[in-house]
Amino acid sequence: MNSELTAPVESAVLAAEVEGLVDSAEPEGIYRDTRECGGGLLLAGLLLISPPTPRPTKTDAS
Amino acid sequence: MAEQAQGISPLSAVVADVAQGVALALRGGGGSYALSDVLPPDEAVAPAAVRVLGADALAPYALDRAAATGGATDRTTADRALVRAALTAFAPGADASEVSLWSYRGLLAAARALLPADPDGWPPEPPAATAWTATDPWPKLAHRASQLASLALPGLDTPLAAGLAERTDDLARGFVRAVRRRDWLQAAGLGRWLASAADVPDTLGLDSGLVFVRQMSGTQPRVALHVAAAARFYGRGS
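Chains as they are written, first to last, in full-length UniProt numbering: chain S, 1 to 62; chain D, 1 to 238.
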């Protein structure tokens, strides 16, 4: 290919790469707030240690 | 030079090489530094790498300003030409982001401060906003600030640095968040800004945090560069 024709394309690609490196997106990741996690853990713990739902007692007649 | 690792673009490889050279110079090794010596000669990516690294490409000259600006030697003339090429070829466009604009301004400010005067004059400074340093929520501020850590350089008194100095607590939050996410580059950049700040809370553990980031990042040259700059210019994390 003619280098004079490809040069502008190459420089545009390089310029885009430069912009990408200068202002790159933050890596994907899930960040959980400690207080939110603590609240969730406390709720789960309370549900686990809560007493069972009262059931009607069995009678001899039944 | 430009040892190209598998899957890394030629530009990224050159950026890593130059960052390694700058970090080495900031740690006091490798003899005298010249930007033109650490870049591959006659390669199109050389000015692009200078633009990506911004002011950091000239950071070792901040160690000895008199030697850098005292007279136009062969080395400083070559460096000046390289920086001029980077500023001309990769000027931010009309739709450029604030990070791109500030990175460009940082390179320009460093060239003015640390290189002999350009007989043709340096390019004009593009306008860039600072309002975001006051209004951005802290995670977004931390991300942007870390990308602009090259501006945390003695002698570059920019409005950006003044704006970030008002958000030290938020930068500290960002530093901890980045460490927890194992985003070592962001952590190192924020650590460098925090090293330049006067009111960093002792409870943050910045010095040991920077050492930790340096060790955990393995061989990431730009992380090493930020940690070396924090140690050399501000005496933190060494």
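I should point out that these hints are in silico values taken from the structure, not numbers from a laboratory.
Check the hints yourself; a few may be wrong.
Partial list, derived from the structure: chain D residues whose beta carbon lies under 7 angstroms from chain S [said to hold, decoys possible]:
#: 1; residue: Arg65
#: 2; residue: Thr88
#: 3; residue: Ala91
#: 4; residue: Ser100
#: 5; residue: Trp138
#: 6; residue: Asp183
We put the CB at the ideal spot given by N, CA and C, even for glycine.
Quick rundown of the hints versus the structure:
1. Arg65: Hint violated; D:Arg65 Cβ to chain S Cβ min 26 angstroms, cut 7 angstroms.
2. Thr88: 12 angstroms, violated
3. Ala91: Since the shortest Cβ distance to chain S is 10 angstroms, the answer is violated.
4. Ser100: 5 angstroms, holds
5. Trp138: D:Trp138 check fails; min Cβ-Cβ to chain S is 12 angstroms, beyond 7 angstroms.
6. Asp183: Holds, about 6 angstroms.
Checked against the numbered hints given earlier, this structure breaks hints 1, 2, 3 and 5; the rest are met.
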